[in-house]
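Now for the letters of each chain:
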Amino acid sequence: MRSELLKGLRMLDLADERGALCGKIFADMGAETIKIEPPAGCPTRRIPPFLEDRPGPDRGLAFLAWSAGKRSITLNLETADGRDLLRMLVQRADFVVESFPLDYLDSLGLGHEALAELNPGLIHATVTPFGDRGPGRNYKAADIVGWAAGGAMSLMGEEGKPPLQMSVPQAGLHAGAEAAVASMIAYYARAANGLGQHIVVDMQACVAWTLMNEQAMPLLHGDYLRRNGVFSGAVGGRRKTVYRCADGWVSFLIAGGPYLGSTNAAIAWMKEEGAAPEWLTREGGLKSLTPSGFMAATAADLEELERTEAIVQKFFLGKTKKEMWANILKRRLFGAPVADAADIAADPQLQARDYFVAVEHRGLGRALTMPGAFAKLSETPVGPQGPAPQLGEHNEEIYGGLLGLSAREIVELRAVGAI
Amino acid sequence: MGKLPFEGIRVLDFTWYAVGPVTTKYLADYGAEVVRIESAARPDGLRLAPPWKDAQPGVNRSQFFASFNTSKRGVTLDMSKPAAREIFLRMLPWADVVTESFTPKTLRNWSLDYARMRAVKPDLIMLSTCMQGQTGPHRDYPGFGNLMAALSGFYHVSGYSENEPCPPYGAYTDFIAPRFSACVLIAALDYRRRTGRGQYIDMAQYEASLHNLAPMLIDYFATGRVLGPEGNKSARYAPHGAYRCADEDGHERWVALAVADDREWAACASVLGAADRDGRFATMRARMGDRAALDEFVGAAVRGRGAEELTGALQQAGVAAYPVQNCMDLHRDENLDAFGFWRWLDHKEMGPSPYEGLAHRMSRTPGDLRRPAPALGEHNDEVFREILGMDADEVERLRRDQVIY
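Sequences listed follow chains F and L, in order. Under our numbering, the residue at position 397 of the first sequence is numbered 397, and the numbers go up by one with no gaps. Under our numbering, the residue at position 90 of the second sequence is numbered 509, and the numbers go up by one with no gaps.
Just chain F, with the same shape it has in the complex (with noise of 0.2 Å):
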């Protein structure tokens, strides 16, 4: 069933890893996603792994996550019939999202304007590494790239190692998800005069609004954050943010402010336990736990917080991620497990929310487990619509049903090369 949310929307993906996200959401919404693809197919068919290891066009594990609940049509834009094509179905939809290098579209004659001609109400974002306007406007960008322009990759990682990325990389996802943002504004305002308009999306911009404001600490408070392992950095407190526990780690922090009561009744559990010195369950005993909880500043304090956090990673050595779960949610503790994927596909809440879905893909005979709903709406759910299409799956579907084409043209376009 298609969610009733976007139902009768149309959006023309021809996004990479930039802006796949962006048509994802759009189908989980109920829009019809059309994924074009060059005939040997999107660049994101390619990315490893693959299911069980085994390459092939329809088995990379980034393809069909961002691609499921898509519709998939070849069509070639490097042929003049191709481009006719896309003029077509453009005048048929009311989004496209798209990730080529700036001047690519212009120099096929499919620019904003002149899309915009064919279909004024057309919504088009175009999503970029750097911006459309810098030194960097045609740059190329790998994620990794994405995530060092932004600022994330220098508050990740070691002192005196090499800055990190996530093993599942993250950027793009970023632009995608702001390139849907944007297109469901530019789509509200639509409203009022039909108009549509055409959106920048800056993936650069994106990975600095993760940063958690952490960009103002230069100017406000004199210096930047380095990058310093699972030690939080907030200016003046060096405060450990991931113990051992017994079978993995846990994330867990000493702190006052908001932190406060979590830490008390942390070390109120360790004495229970009999772990606790005496000096750290006396009134008043952690003097390193200042009123706003971020500023630990004295050299006294830093050496107390160590001490502390010396003690409460002896006594989580003792516990195993399971345990650790289950005294946080009881205590209240403000911490976490360092779930793996094992942990999360097993987890008793999105069990009792029935949060991931079995999706049947014919073409791997097989059914996917996948992220359900982003969110549980009361009127329209949400979620995954189908599966990632195969190359092609829906020419004949598009062509010959949305663009009315007959079966002996669509072998005509298939022979000069167009679809």
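Since the hints were derived computationally from the structure, they do not count as laboratory data. Keep in mind that this is a model prediction, so the values were computed, not measured. Even glycine gets a Cβ: it sits at the ideal position worked out from N, Cα and C. One should not assume that every hint holds.
As the list claims (entries may be wrong) - Cross-link-like lysine-lysine pairs, in silico, BS3-like; alpha carbons within 25 Å at most: (1) F:240 - F:314; (2) F:161 - L:500; (3) F:140 - L:652; (4) F:240 - F:140.
To be verified - Covered stretches of chain L, going by a simulated chain F footprint (3 or more residues, C-beta under 8 Å): (5) 582-588; (6) 593-606; (7) 690-704.
Chain F is fixed; fit chain L onto it per the hints.
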């Protein structure tokens, strides 16, 4: 300049910290009238968090708060008091949208659920966003986005190895969820416009954020493989990572680069001036076969180079590269500057400073940071008069009774 898209849309906004405020900021920067309802009895935690103007704390001195609450007005109501809840219910018919981001028990304690509000405002759209959702055994789990980033798997894929975790910075998932919630909130407004029907949105930060790890989860369910931290290793690019360049003014600089194929590698090696003489790294297979040696090779060639100069040269040669920008570098970044990312606002107590602007730009109805964030209760007189017709005496009396507080 045409009308802004959300002109005439009104939001009563109880959200705090990041996810909710960043969500409603999208509406506010595009013209909606967003009124933050706060209380001095329980201030938004971000008001108490740095960065502060001149590094001095104060409820109206946090740019962390100010950055996420541009273009909004602010009132104070101590909702733990029945009189405050009465005032809220009187304001409700004015609103199109109510948003909140407490743990679910808070609204239960106030006896204010969607059904009660809808009785007053039948086509109301309400967004509740919390860590784990409004139902289920862990619904009342309190926490911040840094904990959610651990719980939802991001910490586990961050680090040099299983024994060296290095989490992403801060409350990472706080900056995933708002883009999802803004999408459904705007779509719900559109649905109401088409059908006249409001609705209730239950948004779990957990469930939205897991979409950013979807390939890992599909893999696990299909094959049982558990992805862990892999440093900067990629199955797609080699070399792929960050390499230290020459220091500048006593600060370390690094360049991030990614080489997608053998042709790019030839171009990259030529820019690096490091002849791969015996063709040891000529093929992707060879480069992936000994990543440590490759990283050493690239690292040695990069060491004396300037990060910016090298970026220009690599990009010229068709190789994806950029300096690893720290929070100071971002303010001098030519591309962010040209995009117009930094926006200066003159805040009531903090004075002028640069704020993060929008990460996109629209050609016809551009949004912007329309006004600085409100001081706590800054618009009490104005908003209570405008919405409820309260006179100054009544506002003053309610202030004395700490209802407006």
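Each hint tested on the structure:
The hinted pair formed by residue 240 of chain F and residue 314 of chain F meets the criterion: a straight-line CA distance of about 13 Å does not exceed 25 Å. As the CA atoms of residue 161 of chain F and residue 500 of chain L are separated by approximately 53 Å, the hinted pair breaks the 25 Å bound. Taken as a hint, the residue 140 of chain F and residue 652 of chain L pair is honoured in the structure, with Cα atoms around 19 Å apart against an allowance of 25 Å. The straight-line distance between the Cα atoms of residue 240 of chain F and residue 140 of chain F is roughly 37 Å, outside the 25 Å bound, and the hint therefore fails.
Coverage of the region 582-588 of chain L by chain F holds in this model, with 6 residues showing a Cβ closer than 8 Å to a Cβ of that chain against a need of three. A count of 11 residues in the region 593-606 of chain L with a Cβ less than 8 Å from any Cβ of chain F is obtained; the coverage claim is therefore met, three being the minimum. Counting residues of the region 690-704 of chain L whose C-beta sits closer than 8 Å to any C-beta of chain F gives 0, which falls short of three, so the coverage hint is violated.
The structure is inconsistent with the numbered hints 2, 4, 7, although it conforms to all the rest.
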